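Asker: Spelled out, the chains give:
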Amino acid sequence: MIKFIKKRSKKVGLPPGTLVHIGEKKNEKIKITIIEYDEKYLQEKEVKSIEEIFPLKKKPTITWINIDGIYNLDIIKRIGKEFSLHPLVLEDIVNAEQRAKLEDFVDYIFIVLKIPYYDDKAMKVRMEQISLIIGENFVISFQERGEDIFYLIKRRLKSTRWRIRALGADYLAYSLIDLIIDNYFIILENLEDRIEDLEEKLVEEPTSETLHIIHLLKRDITFLRNSVWPLREVIKILEKGELSLIQEATKIYFRDVYDHTIWVIDTIERYREMITGMLDIYFSSVSDKMNKIMMFLTIIGTIFLPLTFITGIYGMNFRYMPELRWPWAYPSVLIFMFFISIGMLLYFKKKRWL
Amino acid sequence: MIKFIKKRSKKVGLPPGTLVHIGEKKNEKIKITIIEYDEKYLQEKEVKSIEEIFPLKKKPTITWINIDGIYNLDIIKRIGKEFSLHPLVLEDIVNAEQRAKLEDFVDYIFIVLKIPYYDDKAMKVRMEQISLIIGENFVISFQERGEDIFYLIKRRLKSTRWRIRALGADYLAYSLIDLIIDNYFIILENLEDRIEDLEEKLVEEPTSETLHIIHLLKRDITFLRNSVWPLREVIKILEKGELSLIQEATKIYFRDVYDHTIWVIDTIERYREMITGMLDIYFSSVSDKMNKIMMFLTIIGTIFLPLTFITGIYGMNFRYMPELRWPWAYPSVLIFMFFISIGMLLYFKKKRWL
Amino acid sequence: MIKFIKKRSKKVGLPPGTLVHIGEKKNEKIKITIIEYDEKYLQEKEVKSIEEIFPLKKKPTITWINIDGIYNLDIIKRIGKEFSLHPLVLEDIVNAEQRAKLEDFVDYIFIVLKIPYYDDKAMKVRMEQISLIIGENFVISFQERGEDIFYLIKRRLKSTRWRIRALGADYLAYSLIDLIIDNYFIILENLEDRIEDLEEKLVEEPTSETLHIIHLLKRDITFLRNSVWPLREVIKILEKGELSLIQEATKIYFRDVYDHTIWVIDTIERYREMITGMLDIYFSSVSDKMNKIMMFLTIIGTIFLPLTFITGIYGMNFRYMPELRWPWAYPSVLIFMFFISIGMLLYFKKKRWL
Amino acid sequence: MIKFIKKRSKKVGLPPGTLVHIGEKKNEKIKITIIEYDEKYLQEKEVKSIEEIFPLKKKPTITWINIDGIYNLDIIKRIGKEFSLHPLVLEDIVNAEQRAKLEDFVDYIFIVLKIPYYDDKAMKVRMEQISLIIGENFVISFQERGEDIFYLIKRRLKSTRWRIRALGADYLAYSLIDLIIDNYFIILENLEDRIEDLEEKLVEEPTSETLHIIHLLKRDITFLRNSVWPLREVIKILEKGELSLIQEATKIYFRDVYDHTIWVIDTIERYREMITGMLDIYFSSVSDKMNKIMMFLTIIGTIFLPLTFITGIYGMNFRYMPELRWPWAYPSVLIFMFFISIGMLLYFKKKRWL
Amino acid sequence: MIKFIKKRSKKVGLPPGTLVHIGEKKNEKIKITIIEYDEKYLQEKEVKSIEEIFPLKKKPTITWINIDGIYNLDIIKRIGKEFSLHPLVLEDIVNAEQRAKLEDFVDYIFIVLKIPYYDDKAMKVRMEQISLIIGENFVISFQERGEDIFYLIKRRLKSTRWRIRALGADYLAYSLIDLIIDNYFIILENLEDRIEDLEEKLVEEPTSETLHIIHLLKRDITFLRNSVWPLREVIKILEKGELSLIQEATKIYFRDVYDHTIWVIDTIERYREMITGMLDIYFSSVSDKMNKIMMFLTIIGTIFLPLTFITGIYGMNFRYMPELRWPWAYPSVLIFMFFISIGMLLYFKKKRWL
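Taken in order, these protein sequences are the chains called A, B, C, D and E.
Sequential numbering from 1 applies to the first sequence in the working numbering.
Sequential numbering from 355 applies to the second sequence in the working numbering.
Sequential numbering from 709 applies to the third sequence in the working numbering.
Sequential numbering from 1063 applies to the fourth sequence in the working numbering.
Sequential numbering from 1417 applies to the fifth sequence in the working numbering.
Hints in this document: simulated from the structure, not taken from any laboratory.
It should be emphasised that the depicted structure is a prediction, and the values quoted were computed from it without experimental measurement.
Beta carbons: idealized from backbone N, C-alpha and C, even for Gly.
Some hints could be false.
Unchecked claim - Pairs of lysine to any residue, SDA-like flavour, derived with a Cα cap of 20 angstroms:
#1 B:K703 / C:S916
#2 D:K1073 / C:D856
#3 E:K1705 / E:E1621
#4 D:K1216 / E:K1427
#5 B:K703 / C:F1004
#6 B:K643 / A:F296
#7 E:K1427 / D:D1342
#8 E:K1705 / A:K351
#9 D:K1354 / C:D856
#10 C:K1059 / D:L1264
#11 A:K351 / B:I429
Stated by the list, open to error - Restraint-style ranges between C-beta atoms, simulated for each label pair:
#12 A:E200 / B:D474: 43 to 49 angstroms
#13 A:K236 / C:V720: 27 to 33 angstroms
#14 D:E1331 / A:E200: 40 to 46 angstroms
#15 E:D1564 / D:E1209: 46 to 52 angstroms
#16 D:N1199 / C:A830: 20 to 26 angstroms
#17 E:R1641 / D:R1287: 17 to 23 angstroms
#18 B:T630 / D:R1334: 19 to 25 angstroms
#19 E:R1641 / D:L1278: 49 to 55 angstroms
#20 B:E623 / D:E1331: 23 to 29 angstroms
#21 B:Y425 / A:K40: 34 to 40 angstroms
#22 D:I1402 / B:G697: 34 to 40 angstroms
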């Protein structure tokens, strides 16, 4: 996660509206897909030239323009010009290190969202940035990676079974946002699996590596939490706000998304508390294990103390030590020492120190 | 508690209003009970076909429809259609992993509540979800488990002693909610018993298992707390809010419920502080016990040091060591060593190290 | 403190307004005292029959009815009926496990307050519940215990020196509440004494019992804190609120009480911080003491190491060890060992390890 | 700091407005100084009889009455009567254990402020209470101690260089309050010196006394913090509030004082964080030091182990041990043991355990 | 950072508006640069006499006056007089120890900002104070150090490529503030590098110096955090506030700056959490390392125990010990002891204690 700030300083001192990509390049190619539909009609095509999308603007149908890859700054600039987007909006679209936010420009709403995914290679949670422009009869979505994350929405659009085509661009936006929130549930599952694994390890055998895993998990949870809180604010505005482009009937759906977001936040907070508890258990069980070993070793030492003392006694060179001349003295002493050690072992067992 | 997120991801990408049960199935069967009453009249019956309940809607009497089991999605759908419930409401009813919430649809109020119970098998606190639809002259309640938790309300309705039958559907809803809050008191008792047991164990003999129990308790308390806070908000709205379906006279009763909720929250917070204190005591007493044992063993070792040293001296092979030839040297040395060890024991006793 | 929840569950499922006493019974008898006064006139009597108090209601004089003991539910019910108190108010009066609260019923104000006292036997702070009904020309106070806590107010009423008799029922209520807050100062003194004792013990000789005392103190402080915060809110309403029964001139007195409450809260918070610091000192000094002992013992052991080693050397059986035959070898070795141990002792002293 | 609560309980049950001095008596004598001025004229005198100050009230000049010592309750009472101060105001003036507060009585503003000073004898930060009465053309200030803390303001008043005499009583009040806040800077310097001393001690040689100093410092900081927060609120009201006695032009000066107060709070919070960090370092370095000693001793013990073992071997009495008869065996063994110990020392050095 | 309070107390008791420089002197010389421009015209010059800048005030062009060095109090005073700045504003400009703040004087806006830089010598983050006076057609900026931090803005002004010259003084102010915030990104990079270094050190070999570095880092982060929070408030006012000098179109740019500030705060908070985690890891790994060494030494000791015991047995002087006379006894015992030690080593290895 750390590291991206470096890229940020490239922009120091540049005038506002200068398009500079910030963040890791997650995808090189650019792919533009258009879906134009109304209740009875639907057309999907992948466009090669950016100019193909401009005539659709004036059509009464609803147009969804999905742009995969935000690294071709020229194309972004031309879309911005055609749809009269504010220069700062364009700057925000290509800056992939934003917090979730919503800005209302009356003619259109600009939303930045973060979609989490688990990067198996880096073994951590990462975020893809999705920017949405919601107009009266169009939605433009910008994605960073080439993954077809909106596949399910496309399928729903193509089917006539659902009401989605009968409703406006705001409902389409809702569907996209709902899908994004759903991705948080998938990440929470991943976290939950990792927490469970950790709990088992904690009980079985805590090593210093376990501590490392706890902290990785904690970092992921903190990262996720930092992303969800601004998201919550965005959706709060969509649900409550006086946005003229969001119809009254759609607001109820956003309320539903809002509930989901709160649920995600609650779950994350619960995980945070669990991690704290795990740290407690880890430290306690590590020191417990250590103490048990030290105690074991000390007890072994204590058992040998009287034995060595006895050998010391009969190693003394006094002339008058009658025992030394007894024939059975040596085996008797050996047996005596044997019983002493047995007695001590029993005593320590009884005290539960062994 | 952990684990239910898995079920949640089943819904990823589904359109809103799709009924998918989320959460553990706590009960397979469905049972619909109707109680129809006014001040003078009361009829209770268990219906077999869902159609039987629809005619009651238009009657001036108050109707309480209690549905046990939320897993038959068809029935939920038909009720939703007949009472013109919003698709999202139906979705929420069958999703048993919700936070408590209240939504006002003017014609009806939709409330989700959580009722806690202690699962003896899993040895933890769990939540059953209760959904309420409050209309002008009807209340529909949806329960997850087959337990007849509203038994006491039914009994009160049947008796003519109480004013409940003279009052409206909002008072019936109040009675149900009041009963749900009362269940939190029962769970608090359970927690209190467990805290008391724990306190005794902490004083007597803290083991690593004690730590485990503390954390289980902490998890239950956190879980309960997370459920009560949204509940508080729901009841706050009922008490203060401008809900047209709640009569002025009933609000005072909701204020009473609100006070109880605050009391529950206070008690939970107090338990949380106690648990934190217990962790302190646990860690301190474990390390105390450990230290005492190590000190005991070290003292034993220290007592043998001079004794072994003395045997070492008389084990030396110098030709000119006059003591070696004295007749009483050996017993004198033994007695001398005896007094040395007694002296050291007394010294350590006096210092309170033993 | 723990334990009273048990009693609370007696009420589960009972209709609102059912009078059930909750909490420990602190006093069996009931005693009703009436003080009727105006500027020129004052009459105090203990009534035997509850009916005696009803005629006073219509008189222009101010009537203060003090009821000691809230366990006779019949009497409470009859007072409630006569003064047209809401059933929930009566329920709250007999439920001695309430938070402080204020409810405005326009005709009368209902206030629940907690007065702290130190229970010498149980060695902890406890709370008595005082309920006040403030009407236009009457105040009814309900106490749990038989203690005559309002003795000072009665004395002030009887004297003509003070303005109290010239002022209304709201001023009487203020006087009672002021006295209740004053009781918090007495409890704070008690806490302060205990903290001072503890500080001395911490410096002198911390034992595991000290930890227990710290936690008892912490529990008392937390308990007191939980009681004062809702009290603060109650007095805030009295000072700021739009209560028609509180005259403008009296509000300034409530502002004074409010200042006292804030002062109490500040002091409690300061105590909380002190307790936290004490825990730090306790743990540090316990481990310090332990470490010093272990170090002492280890140093003793270290001093014997070279000595025992030397006896070992001269205990070897080599044929050619010239020293063994020297006449002064034995005493020389003894003296040598003596100087070694003295040297080591000096070294450890110099290093301040002893 | 602790202890003053005792004095507070003297007031339990007394009617409001009863003048009882609370707090430590810091000064026995009473001294009343009057400064009467307008733009062109200034007269300062120390009055002997309280009556001398009353005629000034009606003059158009601005009068500043400074009263040193609040223990003569009669004088306070007569001033109160003459300036028609509310009885509660008089009670607050003589109660030296107040939080900072502001009360607007329309005719006058009553302000309680705390001025910190370092008590060298008790070695802790203490507070003197300053009460201000701000009227239209007069300011009355009450001080506890005999220290002439307002000396600088008097000097400024006497000089014609500054605008202070051209401005109203509210500006005079501002000057006094500004000076009081400035005293916090002096105390912060004192704290800063002590923190620096502590940091050096922590690095050099932490002892258990260091922990004590850390806690004393923490207590002072907490004490200061508790005093500044209510001060902040007071000055906030002066800056923002709708106080009719404060002119618009003076408010900008209070904004400046407000900024200083925030700066003081920020600095205190920073000190608090530093103290927490110091506790960390203290505990870590104490245990570090302890561990190093124990490790040193254990290593010494470990070096003697093989040596003693070797002496043990050649102390055995086997008949057939060829080495025992070799002429050079004894010195060889001694040299061998010497190299073993050197080898072990080098090994431990290399491992950096020594 | 500590130490500057000393300088603050120089001002105690001085009247408001007295110019006294507070803070470290970072630069001795004073340098005044003027840039006068409109859309078509730009002139930059360094003025020698302060009088040169006054005539520009009445010109319709936009004038940017940049003053390097705030230590020449006379010049500050004359600028203040000419532009009719409030005495308190001048006092704030020369006091380099301020929090960020904004004050609206209708004719002009006064802003204090802090720009962070890393002081390589002192090895810590420091702050330079930048004061801005924004008028209708002029901006005056005051810097502490001689560094030409606004170099990039000057370059942008000179180029005709950017819109900056077409826009007003408020847009110029925005550009300056934006650049200041950008400097926080540079500092965050520095912090990130240091955190990364620290993480490596923590894994490789934590020493007591590592703890010191962690605390230095923590102090820098806390310092930065304390500076950013008031900055956030300033920019919030610029974005939201009703400042008449800020045009509607410019507010959108300030919203952008606001987003950056929030991002900075988020990052700082994340660093804070990481530092806390590092402290955990540090303490755990230090005690881990210590424990491993002590365990190693104890195990060595334990291995020698039975060996020394055996030598003790055959060092006893019993007459009848048959083994002593066996020819192969001595080598057998040596071999036996060898196998015992090998066996113990294997046992400890298997248990993973070595």
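Asker: Run every hint past the structure and note whether it holds.
Answerer: Hint check results:
1. B:K703 / C:S916: OK: K703 of chain B and S916 of chain C at ~18 angstroms, within 20 angstroms.
2. D:K1073 / C:D856: holds (18 angstroms)
3. E:K1705 / E:E1621: With Cα atoms ~9 angstroms apart, K1705 of chain E and E1621 of chain E stay inside 20 angstroms; holds.
4. D:K1216 / E:K1427: holds (16 angstroms)
5. B:K703 / C:F1004: Holds - the C-alpha atoms of F1004 of chain C and K703 of chain B are around 15 angstroms apart, at most 20 angstroms.
6. B:K643 / A:F296: Roughly 15 angstroms between the alpha carbons, so the hint for K643 of chain B and F296 of chain A holds.
7. E:K1427 / D:D1342: With a Cα-Cα distance of about 35 angstroms, the restraint between K1427 of chain E and D1342 of chain D is violated, given a limit of 20 angstroms.
8. E:K1705 / A:K351: violated (30 angstroms)
9. D:K1354 / C:D856: violated (64 angstroms)
10. C:K1059 / D:L1264: holds (18 angstroms)
11. A:K351 / B:I429: violated (64 angstroms)
12. A:E200 / B:D474: 43 to 49 angstroms: With Cβ atoms ~24 angstroms apart, the hint is violated.
13. A:K236 / C:V720: 27 to 33 angstroms: violated (37 angstroms)
14. D:E1331 / A:E200: 40 to 46 angstroms: With Cβ atoms ~42 angstroms apart, the hint holds.
15. E:D1564 / D:E1209: 46 to 52 angstroms: holds (50 angstroms)
16. D:N1199 / C:A830: 20 to 26 angstroms: The hinted range 20 to 26 angstroms is violated for N1199 of chain D and A830 of chain C, with Cβ atoms some 60 angstroms apart.
17. E:R1641 / D:R1287: 17 to 23 angstroms: holds (18 angstroms)
18. B:T630 / D:R1334: 19 to 25 angstroms: holds (21 angstroms)
19. E:R1641 / D:L1278: 49 to 55 angstroms: Roughly 27 angstroms apart at Cβ, these two residues miss the hinted range, so it is violated.
20. B:E623 / D:E1331: 23 to 29 angstroms: holds (26 angstroms)
21. B:Y425 / A:K40: 34 to 40 angstroms: With a Cβ separation near 37 angstroms, Y425 of chain B and K40 of chain A satisfy 34 to 40 angstroms, so the hint holds.
22. D:I1402 / B:G697: 34 to 40 angstroms: Between I1402 of chain D and G697 of chain B, where Cβ atoms are some 36 angstroms apart, the hint holds.
Hint check: violations occur at hints 7, 8, 9, 11, 12, 13, 16 and 19; the rest are consistent with the structure.
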